[in-house]
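**Q** Just so you know, the sequences run in chain order A and B.
FYI, the numbering for the first sequence is 1 to 333, going by UniProt numbering.
FYI, the numbering for the second sequence is 1 to 333, going by UniProt numbering.
A couple of the hints might just be wrong.
FRET-style restraints, in silico, Cβ to Cβ [said to hold, decoys possible]:
(1) A/E176 / B/D7: 24 to 34 Å
(2) A/P248 / B/R333: 31 to 41 Å
(3) B/G45 / A/T83: 52 to 62 Å
(4) A/S234 / B/P222: 44 to 54 Å
(5) A/A208 / B/R10: 21 to 31 Å
(6) B/G97 / A/D25: 50 to 60 Å
(7) B/T83 / A/M1: 38 to 48 Å
(8) A/G168 / B/G252: 36 to 46 Å
In silico contact screen, one side only, chain B against chain A (beta carbon under 10 Å); selected entries [as the list claims (entries may be wrong)]:
(9) V16
(10) V43
(11) E58
(12) P266
By construction, these hints were calculated from the structure, which means they are not laboratory data.
Here a beta-carbon is modelled for each residue, glycine too, at the ideal position from N, C-alpha and C.
Protein chains: 2
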Amino acid sequence: MKKIINDPKRVVDESVAGFALAHADLVTVATDPIHVVRADAPVQGKVGIVSGGGSGHEPLHAGYVGHGMLDAAVPGAVFTSPTPDPILNATKAVDGGKGVLHIVKNYTGDVLNFETAADLAAADGIEVRAVVTNDDVAVKDSLYTAGRRGVAGTVLVEKIAGAAAERGDSLDQVAEIAERVNANARSMGMALTPCTVPHAGEPSFTLAEDEVEIGIGIHGEPGRERIKIEPADSLVDRLITPVIEDLPFSSGDRVLLFVNGMGGTPQVELYLAYRRAAEVLEERGIRIERSLVGNYITSLEMQGFSITLLKLDDEMIELWDAPVHTAALRWGR
Amino acid sequence: MKKIINDPKRVVDESVAGFALAHADLVTVATDPIHVVRADAPVQGKVGIVSGGGSGHEPLHAGYVGHGMLDAAVPGAVFTSPTPDPILNATKAVDGGKGVLHIVKNYTGDVLNFETAADLAAADGIEVRAVVTNDDVAVKDSLYTAGRRGVAGTVLVEKIAGAAAERGDSLDQVAEIAERVNANARSMGMALTPCTVPHAGEPSFTLAEDEVEIGIGIHGEPGRERIKIEPADSLVDRLITPVIEDLPFSSGDRVLLFVNGMGGTPQVELYLAYRRAAEVLEERGIRIERSLVGNYITSLEMQGFSITLLKLDDEMIELWDAPVHTAALRWGR
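Start from the sequences and build out the full structure, keeping to the hints where you can.
**A** Below is the structure:
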């Protein structure tokens, strides 16, 4: 295992410490157990938003803490759910009197631990709602989930719900729009290479020199099928077709097209994939209104990409365009 | 070779086409030969800024075209200098009557082809100045250069010179500040893995399972030494010590600390490296005033990172903070 790390057991602690130093204007970091909180939290009279999950998917979630997005992020160990304690602490830290929304990717551990934390917060008098994201069309149940997995659509939920909270929406309203974004988002990914969890020390799976995995999960969990590598355009078609047909997205729909890198894929390949995805959407009469291309939810150094489509309405567009100031997503301020 | 590509010969064309589709609000792309131009070019009464070089370093340079940074980028084939033709076309396209600055990384092909384009532009009555970046302290001469290589410091030159041009500085003034940033920036990088140029089909060099290359170039060209892999903190020390001692940076200096990923390195490792770099600077009494962490100048899927320090003055800080709106760097609008 070749990595830029010191002690495999201290990877998350040391990385979050670096993140806190680099972004001291945006966040404060509480340790033992670790959680990342917006520097000006709690923002009085604003719904607080907390997300979290296993580390290794950076910039998700700490990279999205700041004005217009998350109030706190709770990173677990690599690919391991955080325990209820730091989730509870984060929930308390961001409660500005208007309630707190938990945005949770649909993995059994995350769902359970966020539920426990929400119960404990409720006992402390904090109103908590949870939205569970499950945008991955690749598989129904999987290694770590009952039902579909929450993947790249989560980034879009966090941005749009974050903007709704920032403009002063109530907890019900913020939860409603988060649910609406999740309900209108679909994703599917693929991998060229595996990744290595530091404390495991070995790749989480193996792929032959000419093999790729279609429908991969963000922890390297199995997808739909292993195939021989194909030209990029065919790979894009294999991802975008089930995405389109699942919702389904139809002619005349306005969408946000999100091409996400898994961490180790060069940008030149992501834009090459974007080109084909845009072509497919044009052929089907689906209108790209907004785009996002880059490494926004990753699987350590895994090479591969995912495609997410979000069916937009006017309110979602307005909230997408609203100012955001986080380490990983910033515009308008 | 496993890559998300179609035809190796069409990688740059297809990727730039995707970039143009995703960022149609920011850029227009001229093809045959290819160059990427700010959508509102030429901006009358503003110095135009053109950069370029071989592809494979994305987001450099096309990702920096837009308000407050570059007016045009000229991508060559992967790791291959663009020819004078598209550089000349880009220079003409961004000339707003106040002259054009070329920002050129110090590689023999780039320097030569930008010079030829500048001569041709001058013959057409466009005043052109060139600033050649050479911030890499690793090696004096190298495979593709006489003198030091231009690496990550180039991103800082482009941002700060771009802001100077945007506020209305003259060509002399913009060139002066670009020179000043280059003169005060020092960088050094390392690699864990090689990268594969698509049209070559094989990794550009090999490293044993436990070996890393210190002082690597952004095309995988040799650095100072190959060593057995060490803990991250030792690797950071091996990069930052020669960087600090070269300028030298001294106690009381204010700096921008830039930890750059080579393309395939997970963010968790970059922030972990940042933590140690910040620690070293604090020990030496050097004050971090601004930070940048992420994949800003890459070598395809290479795993590794570089550290850049820029000694800041008040004007550089003001220009660094000025609004920028490009695909890869955006704040303040």
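**Q** Hint by hint, note whether the structure agrees.
**A** Tested hints:
Distance hint check for A/E176 and B/D7: the Cβ-Cβ separation is about 47 Å, which falls outside the suggested range of 24 to 34 Å. In this structure the supplied range 31 to 41 Å holds for A/P248 paired with B/R333, their Cβ-Cβ distance being about 36 Å. Restraint check, B/G45 to A/T83: a C-beta distance of roughly 59 Å satisfies the suggested window 52 to 62 Å. For A/S234 and B/P222, the hinted distance range of 44 to 54 Å is not satisfied, since their beta carbons lie about 37 Å from each other.
Between A/A208 and B/R10 the beta carbons are some 26 Å apart, a value that agrees with the proposed interval 21 to 31 Å. Between B/G97 and A/D25 the CB atoms are about 39 Å apart, so this pair departs from the stated range of 50 to 60 Å. Against the hinted window of 38 to 48 Å, the Cβ-Cβ separation of B/T83 and A/M1 comes to about 42 Å, which satisfies the hint. For A/G168 and B/G252, the hinted distance range of 36 to 46 Å is satisfied, since their beta carbons lie about 45 Å from each other.
Hint on B/V16 holds. Least Cβ distance to chain A is approximately 7 Å, under the 10 Å limit. Hint status for B/V43: violated, given a least beta-carbon distance of 21 Å to chain A, over 10 Å. Hint status for B/E58: holds, given a least beta-carbon distance of 4 Å to chain A, under 10 Å. With 10 Å as the threshold, the beta carbon of B/P266 comes within range of chain A, its nearest partner Cβ sitting at about 5 Å, so the hint holds.
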